[in-house]
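Protein sequence lines, in the order shown, are assigned to chains A, B, C and D.
FYI, the working numbering numbers position 177 of the first sequence as 177, with every residue one higher than the one before it.
FYI, the working numbering numbers position 6 of the second sequence as 6, with every residue one higher than the one before it.
FYI, the working numbering numbers position 436 of the third sequence as 436, with every residue one higher than the one before it.
FYI, the working numbering numbers position 410 of the fourth sequence as 410, with every residue one higher than the one before it.
No wet-lab data here; the hints were simulated from the structure.
Computed from a predicted model, the values in this text were never measured in an experiment.
No residue lacks a Cβ here, since even glycine has one placed at the ideal position from N, Cα and C.
Treat the hints loosely; a few may be bogus.
Covered by chain B, per the in silico footprint, the following chain D stretches (three or more residues, Cβ under 8 Å) [stated by the list, open to error]:
(1) 7-13
(2) 40-52
(3) 67-81
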Amino acid sequence: MKLIFEHGAPGRRTGAQWPQADDACTGLPEHLLRSQPPLLPEVAEMDVVRHYTRLSQRNYSIDTQFYPLGSCTMKYNPRAANSLAMLPGFLTRHPLAPASTGQGYLATLHELQLILAEVTGMAGVSLTPMAGAQGEFAGVAMIRAWHASRGDQGRREIIVPDAAHGTNPATASMCGYTVREIPTDRDGNVDLEALRAVVGPQTAGLMLTNPSTLGVFEQQIREIARIVHTAGGLLYYDGANLNAILGRVKPGDMGFDVIHINLHKTFATPHGGGGPGSGPVGVSERLLPFLPVPHVMRDADGSYRLADEDDFPHSIGRLSAFHGNAGVLLRAYVYARMLGAQGLRRVAEYATLNANYLMKRLQDGGFELAFPERRASHEFIVSLRRLKEETGVSAMDFAKRLLDYGFHAPTTYFPLLVPECLLIEPTETETCATLDAFADAMIAVAAEARDTPGRVKAAPYSLPVRRLDDVKAAREPDLAWRGPVL
Amino acid sequence: MKLIFEHGAPGRRTGAQWPQADDACTGLPEHLLRSQPPLLPEVAEMDVVRHYTRLSQRNYSIDTQFYPLGSCTMKYNPRAANSLAMLPGFLTRHPLAPASTGQGYLATLHELQLILAEVTGMAGVSLTPMAGAQGEFAGVAMIRAWHASRGDQGRREIIVPDAAHGTNPATASMCGYTVREIPTDRDGNVDLEALRAVVGPQTAGLMLTNPSTLGVFEQQIREIARIVHTAGGLLYYDGANLNAILGRVKPGDMGFDVIHINLHKTFATPHGGGGPGSGPVGVSERLLPFLPVPHVMRDADGSYRLADEDDFPHSIGRLSAFHGNAGVLLRAYVYARMLGAQGLRRVAEYATLNANYLMKRLQDGGFELAFPERRASHEFIVSLRRLKEETGVSAMDFAKRLLDYGFHAPTTYFPLLVPECLLIEPTETETCATLDAFADAMIAVAAEARDTPGRVKAAPYSLPVRRLDDVKAAREPDLAWRGPVL
Amino acid sequence: MPFIPHTEADLAAMLDLLQVPDLNALFDEIPPELGENVALDLPPALNEMEISRLMGERADADGRWLNFIGAGAYEHHIPAAVWQIATRGEFYSAYTPYQAEASQGTLQLIYEYQSMMASLTGMEVSNASLYDGASALAEAVLMAVRASKGAARVLIPAAVAPAYRAVVRTIVAPQGIELVELPYDPASGTTPLPEYADECAALVVPQPNFFGMLEDVDALTDWAHARGARVIALVNPLTLGVLKPPGQWGTSGADIAAGDGQPLGAPLSAGGPYYGLLTCRQALVRQMPGRLVGRTLDADGSTGYTLTLQAREQHIRRAKATSNICTNQGLVVAASTIYMSLLGPGGLRRAALASWQNTRMLVERLAGLPGVARAFAGAGFHECVLRLDRPVAPVLEALARQGILGGFDLGRDYPQLGHALLVCATETKTTADIGRYEQALAGILSEGKS
Amino acid sequence: MPFIPHTEADLAAMLDLLQVPDLNALFDEIPPELGENVALDLPPALNEMEISRLMGERADADGRWLNFIGAGAYEHHIPAAVWQIATRGEFYSAYTPYQAEASQGTLQLIYEYQSMMASLTGMEVSNASLYDGASALAEAVLMAVRASKGAARVLIPAAVAPAYRAVVRTIVAPQGIELVELPYDPASGTTPLPEYADECAALVVPQPNFFGMLEDVDALTDWAHARGARVIALVNPLTLGVLKPPGQWGTSGADIAAGDGQPLGAPLSAGGPYYGLLTCRQALVRQMPGRLVGRTLDADGSTGYTLTLQAREQHIRRAKATSNICTNQGLVVAASTIYMSLLGPGGLRRAALASWQNTRMLVERLAGLPGVARAFAGAGFHECVLRLDRPVAPVLEALARQGILGGFDLGRDYPQLGHALLVCATETKTTADIGRYEQALAGILSEGKS
Ligand SMILES: Cc1ncc(COP(=O)(O)O)c(C=O)c1O
Ligand SMILES: Cc1ncc(COP(=O)(O)O)c(C=O)c1O
């Protein structure tokens with residue numbers, strides 16, 4: 001498809017969108033002005049609508065396809081959440097408008113804080129982090145602040161299991177820590193011996209998600225907590241996998257001190273092709289003073305306001321210019337309220353049911369499971385190592401071929417420790433019929449891989465483009481259109 | 001694609017959409033109750049969203065394709081009109097709420113009445129007709145009422161040119177008139193001799209659109225008006241072609257007594273896959289008392305209200321339970337206000353430019369024009385008679401093949417009097433580049449028709465379905481799904 | 001130039017190809033006396049920002065009300081998904097699906113709509129919509145008269161909405177069809193078996209009727225059929241989640257069903273756009289006005305959808321068509337199809353029951369106030385007529401001052417009913433809302449007394 | 001069950017395949033002491049109708065205001081098409097485009113965004129967004145420090161928004177980076193050439209600065225470059241429709257540009273979601289945090305788009321990544337790309353000029369009142385600091401009682417400025433709006449006097 005720029009012509013304009021203004025800049029210093037207009041498209045309104053409508057059709061999405069992308073929780077995003085978050089009263093609110101003019105909005109956020117605290121078993125929550133990774137940053141920064149507040153300056157390491165999401169070690173680094181990676185045992189649990197070996201007075205904390213990104217529940221979690229706590233470290237919970245345990249286990253009960261939650265996963269706010277998300281952090285009692293600001297406080301008179309550094313002098317500080325991704329928070333609130341306690345618990349139950357069912361179907365269909373002896377949580381791993389050896393068809397080839405069957409591919413090559421892996425997360429919002437159809441497609445592709453491996457390796461065929469050349473993209477980076485070639 | 005029903009399963013439900021209610025009907029007489037539930041889909045919310053999102057992608061539309069459907073004025077529908085008409089204050093208004101609670105809404109309608117009266121050169125306008133055909137009904141009913149009010153009962157005929165849209169004769173019939181069809185001369189004008197021959201004391205009126213559906217301006221319009229008026233008849237203007245003359249000629253000045261306007265064409269309200277439309281009627285002074293009710297009146301104190309039969313005892317009456325397609329009227333108002341006088345005039349100018357340009361491009365490309373000696377108005381006709389004779393490729397085949405090129409086809413086989421015709425209306429909102437691309441596609445298809453006629457006759461190839469069997473559809477009508485085949 | 005993409009260079013190149021000096025030249029076939037002095041006296045153009053502000057202010061000015069008016073337009077909850085999907089450009093900006101292969105989205109959707117509406121009304125065939133309920137009733141009358149060999153006369157109860165009767169009058173009068181009004185029983189508010197002996201083409205049977213009362217549809221249907229008249233059911237489709245469908249009325253079912261589709265997903269929107277539903281028995285399909293979509297096969301043998309039986313329509317049959325209708329209410333039908341899919345049989349039943357239960361509660365509470373009484377005895381659905389001890393208009397005004405739209409004043413259309421008020425509470429009303437109405441009314445009525 | 005499609009029959013069949021008796025069995029690996037007594041104490045579930053009412057009431061309660069606050073979030077007109085298209089399901093409900101072939105819509109859009117943002121800022125490379133302007137500035141600081149061999153020290157003017165400085169502090173502090181605050185000139189409200197001799201990695205240059213004043217960006221840029229420091233431009237992208245792009249500042253241009261994309265199509269929305277823009281010179285691309293989309297070819301030689309240079313990112317480089325960012329603000333970027341396409345270079349220029357002209361008018365009118373004066377002399381853009389003759393807070397409260405949000409009180413962040421108020425008028429404000437503010441303020445100030 002043409003680029004939007006290529007639909008343009010010099011001087012074409014969207015008359016209805018041009019504000020009335022005097023075109024002269026008299027009064028602005030000449031040397032501070034732009035001498036050449038920016039390379040923005042010069043198109044008519046219809047061109048824009050047509051171009052982006054057509055572009056949108058070149059996407060797979062939850063609203064059009066099954067999207068079993070592991071670790072991403074691609075579930076249905078209720079449409080009501082979108083319209084309610086976009087009510088004019090919310091959209092037109094200036095972030096610096098006085099609290100008295102936004103009691104409806106602030107009450108909503110306050111209730112969301114309480115809901116998240118209850119669900120995670122934490123003492124307090126701040127909604128300000130703008131995605132999971134920023135939630136992690138806030139969490140690790142609070143761990144750091146806590147140690148510092150106790151004068152415990154020697155703790156320079158954060159322990160991270162090898163199965164962890166990349167944001168965990170990256171966050172630890174951003175927070176100035178050295179990362180100590182520990183291995184996973186054969187059953188997908190943390191290797192306790194290895195943990196005991198690395199833990200010590202230099203340990204600031206351990207980052208973990210449970211169920212882990214391997215799709216299994218870490219059964220020794222209490223022991224892990226004991227080990228880390230005994231060594232003086234704190235326990236960080238990466239909440240990406242909360243969908244698996246909502247209403248069934250609380251991270252607080254497992255012994256975690258800090259948690260972030262991806263509202264754009266568990267609480268069904270949309271991913272929007274890459275964001276915005278929201279990564280609230282919850283903490284246990286002892287970390288409350290360090291929560292990032294602002295968060296919503298309810299005063300004695302029942303009115304709400306944003307608490308800041310004045311109220312929380314020990315806070316790790318601000319993470320955004322205002323108060324995070326407010327519109328995403330509103331969507332999550334709507335979702336949480338529509339489900340209630342029973343509905344949230346059902347999420348975990350049916351997400352787990354769907355994962356185990358699909359895992360069984362695939363196992364019966366001849367696929368090799370990474371952890372055949374374990375229950376799946378809300379996701380599970382298939383390894384195509386054997387298939388690759390036998391046919392040369394890699395997990396990537398397999399994934400591309402699935403696209404031709406009308407399904408988005410599972411996550412590939414993550415977690416890194418399982419070779420040729422597919423991490424599959426069906427979520428609770430898909431029907432059994434869809435899972436069956438997907439299992440059938442998986443089995444069909446496996447058969448194709450055996451019969452006509454070349455066909456699978458050159459997939460996809462029915463998408464808007466054929467297999468893209470990633471190597472060329474990286475070797476000769478073309479990151480921006482720079483105007484028509486004359 | 002599966003039907004929505006086929007995604008369902010007994011007992012599946014959209015929990016968030018079920019109102020709370022006692023499921024018992026105690027208090028309702030048993031014999032008045034339904035014994036079996038209706039065959040509605042039993043699906044989850046995501047199924048619905050996914051199904052209809054995917055269905056929508058199986059349409060051509062203005063927002064995705066050039067759509068040069070003659071007589072339909074498929075121009076860009078400004079997105080602002082949609083959001084403004086759907087503001088909560090408008091959407092939640094009950095049609096029977098007191099006028100005092102809807103002054104903003106009524107003021108808008110009143111201004112729209114004035115705008116349409118000004119644009120058409122008429123003395124008064126009623127917005128109540130819900131589409132062009134209902135506007136026609138209102139217009140012809142007013143002609144009838146006017147004659148009746150003068151005791152002139154003998155007028156039983158309405159004259160309609162053979163090029164007229166089908167709704168014209170159909171409306172005349174619905175209004176109890178006999179239709180007299182008159183022919184068109186070689187240049188696309190009304191055959192004056194024929195008109196003189198049929199006009200007489202039995203003539204209630206003549207229905208005409210100018211420019212006609214042949215895409216040419218009827219130059220003898222004043223003479224036609226004189227002939228009809230002299231015979232005691234009235235002149236009806238089918239406003240479908242107003243896009244061609246907006247701000248350049250007023251139907252009132254041409255001598256028309258009644259007019260309907262298709263807001264869903266000229267005023268850019270969307271067609272919605274077949275509606276809703278809106279067909280306001282305008283009348284000259286002498287027909288004012290007969291306008292359908294309600295219409296909006298401004299009282300001496302500046303307040304607005306809906307006038308009804310009490311105010312207009314001679315009105316032809318009501319055409320809808322409330323006051324027409326209010327939401328469509330709001331969209332048209334937004335459009336009219338965004339254009340203003342100059343903008344509306346430009347519509348006619350650029351619609352005419354685009355039509356003449358495309359006509360010339362096609363003529364240069366070897367196509368036979370129906371009226372090569374005439375200017376095109378906003379649309380024009382190409383006849384494929386010769387191509388059909390030479391290659392066997394019909395206008396329908398040609399149209400289907402154009403779909404493969406990513407363009408919606410022009411109107412085929414209308415007007416009926418031009419054999420193998422394509423009625424082409426590009427509208428003012430398309431770029432010259434799009435017209436060129438379309439002309440190139442037309443020329444390419446013509447070449448294909450000569451080289452590989454079989455390929456054209458079996459088109460389309462790249463649409464969601466191949467050529468559909470219309471004969472089967474009509475011979476063995478399957479008009480409803482009746483449940484799963486067991 | 002709003003919405004016109006031409007640049008100066010485009011214009012020049014295009015005029016050049018046409019070998020004309022300017023845009024005016026393209027209008028040179030228009031007689032100068034018509035075209036030369038045209039000027040439009042219109043308010044100044046506004047850009048999108050300006051019109052948005054204007055419309056926003058007007059919409060806000062009209063405010064928010066606690067609404068208890070029904071009378072043919074009903075405030076139901078509309079799931080957010082409905083209009084978010086219906087207004088997708090591919091539905092919103094498409095034309096009538098004349099090129100079937102390029103319109104499978106709209107066509108399959110209409111086929112699904114026809115299936116749902118046929119089943120909901122218990123009939124075999126549904127068209128793709130008419131303008132609204134009132135005009136659909138008029139078309140049903142025309143259809144029944146066309147199908148009948150006998151007298152062009154149709155019986156229509158006074159318990160049919162007055163506006164509907166007015167529209168039927170407007171539309172059928174030019175064809176010389178006689179409408180005979182049937183009285184209602186002042187005690188029950190329903191239509192007794194007609195004491196009418198002359199031949200007639202059809203009987204209209206409303207269910208529930210305008211007063212919200214349930215007619216004895218079986219008896220009325222059998223009565224009409226026994227006299228060779230066809231039965232036209234006039235229904236609120238939402239109530240058919242609970243009520244017996246017209247196709248099952250009496251011994252052999254109604255022949256035609258009409259009604260307004262608004263309750264199924266269309267916002268109140270000041271009266272429109274809604275849509276007219278029309279369904280009938282198979283035998284009457286060729287008398288059906290409006291579009292029909294059929295399922296068929298493509299050249300590869302795959303299933304597809306197309307407009308069919310078009311020989312009934314104006315663009316083919318012209319003066320002899322079943323109706324002049326062309327554009328219908330497609331987008332509202334799209335919304336309604338999505339609505340019905342979202343609610344399903346169970347949700348629709350719940351919506352109907354909740355509306356009925358809320359209205360029952362409302363009526364119990366209001367009729368418990370001194371000076372207020374139910375006008376009719378018997379079973380009703382989600383509307384009800386109350387009789388006040390004083391003129392209705394001032395009471396409604398006083399309620400409006402408290403933000404409440406208290407109902408529809410029947411005084412003008414049914415003066416014989418006295419101080420009668422039609423009230424309605426759908427599933428959108430809470431116990432608190434009903435309590436608010438009760439308290440406000442109690443206050444107003446007691447004030448008036450002192 | 002909201003959003004869960006399973007029927008009883010589905011459940012039974014699925015449990016059957018798994019050979020477990022019930023759902024609980026699937027959780028049997030969870031130690032009983034953790035899982036057995038969990039209960040959630042939450043408010044009761046609401047259906048869509050109920051939550052819609054609740055949220056509608058809350059949104060309405062917060063009301064409508066005539067807003068003159070800017071201070072980092074600006075009320076601009078957003079064309080209706082922007083969010084109607086951005087919220088199409090295919091954009092709204094897609095994930096990060098990891099499977100490029102199935103995500104060409106999102107990928108091409110981001111490529112177009114990168115192109116627009118690169119050109120707007122005059123830089124070679126733009127990433128696909130960061131969280132917001134403040135965190136983007138923090139990432140720019142980290143980037144500059146990484147790229148520099150020397151001291152981990154960055155100069156940041158006090159004329160940068162206080163909230164931005166606070167965020168930078170939070171984010172860069174754990175890495176031991178020193179932030180040195182540069183004072184502003186109390187007469188002009190701009191940042192003079194620093195009197196600072198030590199080595200530093202970068203200088204932040206805001207344009208316009210938090211006071212709305214225009215910095216002498218050329219001189220500051222050249223000063224920094226002469227000392228081997230990199231220049232981080234902090235810009236409001238809307239103003240770049242008129243102002244000189246960072247890539248052209250001074251002799252050789254800024255090295256990195258950051259800012260908040262909110263003015264380009266994101267509603268105020270109580271502070272988010274907005275997005276952080278980040279662009280840089282080609283040479284710094286491997287230090288860039290966040291995603292990048294590149295244009296490439298497919299197996300047939302056709303053009304396509306894909307995520308590229310991912311080796312910088314956390315999912316590949318883990319502890320050594322350029323940042324921990326993963327999810328960014330994709331949908332807002334989609335909206336913003338549509339916004340920029342709709343306005344084009346001319347429309348953006350007009351929006352910037354109209355905002356500037358309106359602010360000028362506002363300031364002239366307000367500063368004409370007794371007791372009000374401009375705090376700084378010199379050229380500003382669409383914000384301005386006024387100094388009042390009395391405390392600001394009570395004045396703002398009095399304005400709010402008249403429905404006016406009168407600006408941002410600088411008292412807390414800049415006590416040395418006295419009774420200082422930051423005001424802003426974008427293109428959304430009319431002469432009448434400005435008149436309304438003037439009159440209200442005049443009234444309040446004169447009242448206070450008497
Ligand atoms: C396990 C895990 N942790 C952390 C994250 C990071 O969250 P975000 O992308 O919102 O920054 C993700 C998301 O991809 C994740 O799957
Ligand atoms: C010339 C002409 N007249 C009348 C009509 C009827 O208008 P509507 O479809 O709105 O009833 C049309 C629309 O197709 C038309 O093109």
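Going down the list of hints, with the structure as the test:
no.	hint	result
1	7-13	holds (count 4)
2	40-52	holds (count 3)
3	67-81	holds (count 3)
In summary, this structure violates none of the numbered hints.
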